[in-house]
Amino acid sequence: MSELEAQAEVEFEELESVVIRFAGDSGDGMQLTGTQFTNTSAVFGNDISTMPDFPAEIRAPAGTLAGVSGFQINISERDILTPGDAPEVLVTMNPAALKACLPELEHGGTIIVNTDAFTGANLKKAGYEENPLDNESLKNYQVIRIPLTTLNREALKDIEGIGNKEKDRSQNFFALGLAFWMFDRPMDTTLDWLKKKFAKRPEIYEANSRALQAGFNFGDTTRTFQHRYRIRPATLPPGTYRKVTGNEAVAMGLVTAAKKMGKPLFYGTYPITPASDILHALAPLRHFDVRTFQAEDEIAAMGSVIGAAFGGALAVTGTSGPGVALKSEAMNLAIMLELPMVIVNVQRGGPSTGLPTKTEQADLLQAMFGRNGESPIVVLAPQSPADCFDMAFEAARLAVRSMSPVILLSDGFLANSSEPWQIPDPEQIPAIPVNHPHGRDPHNGDAPYLPYERDPETGGRPWAIPGTPGLEHRIGGLSKAPRTGNVSYDPQHNEQMFFERRDKIARLVKAIPAQAVYGPKSGDLLVVSWGGTFGAVRSAVQRAQADGYSVAHAHVRYLNPFPANLRDLLSRYRRVLVPELNGGQLAFLLRGRFALNVQSYPKMQARPFKISEVYAKIVEVIGNR
Amino acid sequence: MTTETLPLTRQDFVSNQTVRWCPGCGDYSILAQVQKTMPDIGFAREDIVFISGIGCSSRFPYYMNTYGIHSIHGRAPTLASGLAIARPDLSIWVVTGDGDGLSIGGNHMIHAIRRNINLNILLFNNRIYGLTKGQYSPTSRHGMVTKSSPMGSVEQPLNPIALALASEATFVARSIDAHTQHLGEVLLEAAHHVGTSFVEIYQNCVIFNPNEWIGLDDRRLRDENILYLKHGEPMIFGKNHDKGIRLNGFMPEVVQLGNGVSEDDLLVHDETSMQLAFIISSMEFPHFPAPMGVIRRVQKQTYTEGLMEQVKAAQAKKGVGDLYELYTSADLWTVTERETVKGKQTGALSLELDDEYMDEMEQKPEETTAMQDQLITPIATLQPRAPVSIDAAASLAKAIRQMNAHRVGCLLVTDKDDRLVGIFTEKDVLMRVVGLVDDLTAVPVANYMTPNPIALTTSLPIAQALYEMSIHGFRHVPLVDDDGRPEGIISFRDVVRRLKQNFN
Ligand code: SF4
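So the protein lines, in turn, are chains A and B.
When we follow the numbering used here, the leftmost residue of the first sequence carries the number 1, and every step to the right adds one.
When we follow the numbering used here, the leftmost residue of the second sequence carries the number 1001, and every step to the right adds one.
With the rest of the complex left out, here is chain A (with noise of 0.2 Å):
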């Protein structure tokens, strides 16, 4: 039979969206897989949603569970928020990815296995008494059984100058490949990568684009498969696009706040999983004029930040939730000197290590109390990759704004995951006014520089910054009198100074925006969340109102202080549902704040929510009203 006939025979469906899952050993390249598709499918234009799942030992067992590394990307037509709850095509490398990934394969999904991977001694690592293919409990679902080490040595074969060891690493471009051919995607953008990446290893470049063809052509050519789909482009906004993740957009954002505050980006960190590549995306970026330190400890991160701040720079630290108990001292010490910092929380799972590469939001009342004595702080929390762009902006704003730390609650899944990012034109992002006192000379009459003299309109301090002749002044941790910011231990001094600073923050509600909703203004159900669970929650609000049902969906982005219409929104609903990745922090700081009714509905198995789960509870409380 010719290719053509073949082809022919092979049907197109088109599909809105499709979630795929690649999943093999960490040391099978299951990631640059998964982000070559992702990158691929982008550039053809399909909305696209990631979100890695890699190992917590960056070396585990190969074949082993603990081993498993995988990419989950939603491709669609239509504007996607999430990864997609279960994947509907899974492609494994080898038992123990099978084994891991299966309990959330959609039922009746596609799993594609590399059935030479499947011997006796990777069932055993994977913990497998018997073949998972030879017997019946892959039978709900349509299995593809590829003998793919040995077609892709075979189509390397002539290859000259590496071995067998290097042609099977190529293995997951054959996947790859099979999975372009799937879809329908073009191979141009791996090939254009893999020519740049190689360029100086020609056999590595020749194995690999021949494995990515070999893949291509074996679906192609086989008659292994009844269907291809198809997935049409998206349809965005007009604009440029890029694909970005939480943490490069957080780096992006805190590059483009120092340019428009006309400062240095300082970036004093310790490195922790998974804030670590906030640094390494800021690193390079040393043309930006952005000073990386790598400090001893997250006490000295925190530390240095304050020293930048008090130096006048755009001062920031990362971390996550571990590294931010360690800098709560600091911290207050921030409080208390009123300095404009941004310290991001990568939050992970905890407490204590806990689960560091497993996404949780249970920092919220760490960020809010954790710390001695009232030290009120801002706390934002961005929605979705992009949003990571914007949010880190807005923190650097608002600190500058209040003369206070902000804190920046992402989290793991928001930090690794991806999205489209319509790229915004760099002259349209307005300046970040800074006001620096001039100098003054109190000997020819001008009046002594008070320190905690405070703005009218905002309520912060001034920021004097060291080189300002006339302006030298001393502060520290301890009370302080207002105005003057001398030493005090006056109780009336004490408490006028805690009022002073609650109220600059509180005040920021004048600079923030009023709480948008989604839907009805009034009704049944007004569903909030907060931070990377956005996207499901607002899909599972979608559907529900699909499904005629009385519910609105409030996202909070601005945690510290809340927007000022907040409450009143709250309480035009019978009832307010918080699905959180937490005990219940955002339930039990609402009810605190407005003394309302709220139905906390937590989750803690350091996963984001699925549309499914949060829709059933939609449907469950608006049902027993």
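It is worth saying that the hints were derived from the structure and are not from the lab.
All residues carry an ideal CB built from backbone N, CA and C; glycine is no exception.
Worth double-checking, as some hints may not be accurate.
Said to hold, decoys possible - Label-pair ranges, simulated between beta-carbon atoms:
| hint | chain 1 | residue 1 | chain 2 | residue 2 | range |
| --- | --- | --- | --- | --- | --- |
| 1 | A | 283 | B | 1240 | 55 to 61 Å |
| 2 | B | 1451 | A | 616 | 51 to 57 Å |
| 3 | A | 447 | B | 1042 | 57 to 63 Å |
| 4 | B | 1107 | A | 217 | 57 to 63 Å |
| 5 | B | 1415 | A | 158 | 42 to 48 Å |
| 6 | B | 1147 | A | 564 | 31 to 37 Å |
| 7 | B | 1496 | A | 161 | 36 to 42 Å |
| 8 | B | 1300 | A | 510 | 48 to 54 Å |
| 9 | B | 1107 | A | 121 | 43 to 49 Å |
Claimed, not checked - Quick partial rundown of chain B residues pointing at chain A, CB under 10 Å, derived from the structure:
| hint | residue |
| --- | --- |
| 10 | 1046 |
| 11 | 1051 |
| 12 | 1084 |
| 13 | 1085 |
| 14 | 1087 |
| 15 | 1103 |
| 16 | 1107 |
| 17 | 1221 |
| 18 | 1225 |
| 19 | 1298 |
| 20 | 1299 |
| 21 | 1301 |
| 22 | 1304 |
| 23 | 1331 |
| 24 | 1493 |
| 25 | 1496 |
For chain A, the structure is supplied; the task is to place chain B with the ligand on it using the hints.
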């Protein structure tokens, strides 16, 4: 930047705050010397910053009419580091004590010094906790009786100078509060050094540890007991300049000049020698005179010099950072009004989580030999011989007959479902049967086989077979299918024959 036209005086550095140390505290004299030195260090007043932690010494910034921060316990070096990186133009002073700088802040101290950040660190060492009212500190002597060590401290003290040296300090000096002139000179040297200057200042806590520096802080005794270090000069001390330090092997010793001992025999101070600096740091009063002055001074690139050089180099190479370029340094696609899409490939892939995978990809290709390639091919390619098997219940006599009939040295023993349960070899016959069993027909082979032998499947690499053979000394390895039924057998000779082909 200065707007002051008149030269500054000590008075310009006195703040409006009342000084609140105990009367007689050594801190007063240090404050006075610092204020006196400031006009001479070459910085405008507005370009000077004092940063402290917590402790008696840490009130210092409040009394200096400069910029200043009274921070938190032990962390002053971290604030100072951040400030120095943000503002390399400033003169930054860290004021700390033996508790603040060496106990709670010990980690920050060593790393600030190691990075050679342009700071002046003044460590007031009074060998006691003053602010918390009299507990022993990390520099308190062994056996010292304090409120928290009523029977004497069982801890060994830390040597601040040796610690700074071990942290690769580029400037290390020592002085004492009571010797104001010497202190002033040392402070000026520290100020002029570019990089981290570490100065230990012996300071008298009159309340909780008043006798610590006896012999050194008394104007009448000090010249007898202090060794004033001068670069390039022999180490002579004593009121009458009659004593010196000589090296005996690796150990310094005090010698009396005269009687055959001349200046030429003495150690000559060299600020650039790390070895000498360590020797000096080991000289503890009263066994030795207390060394004072600049112990070590070398020039190295500072942290901020290195960093700002990188900024400059990056800007020279790539131009001053452009935001649009940053945003677009990835694969781009454009959505036009008509919702058609055009992709464009620019920039590099940004998300590369496959470190392990990429590392391996980028490795130099391992010199895989034809031999290694052979070793990872499946055992199946050896075309193993069909096995000769025997039921476990069969008699020894039958087993031996089978071996002879098939001319093999090894039988695979199976159960009633044909699963491999043991292996019976010539060696078993020789070692366990011959001369030991009377009636070969009466006993089953199962009693004399090696039970549960290691078996492999044909899809495993040849290397694994070779491995099992060499570890356990097997000559044969049985092969089974996924259900444990014998499929074949390979011998050591089979493997050798294959590998030999590659040599030829
Ligand atoms: S307690 Fe000691 S160190 Fe502290 S101020 Fe008093 S004398 Fe000085």
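Report task. Tell me, in ascending order, the numbers of any earlier hints that this structure violates. Result -> 3, 6, 7, 15, 17, 18, 19, 20, 21, 24, 25
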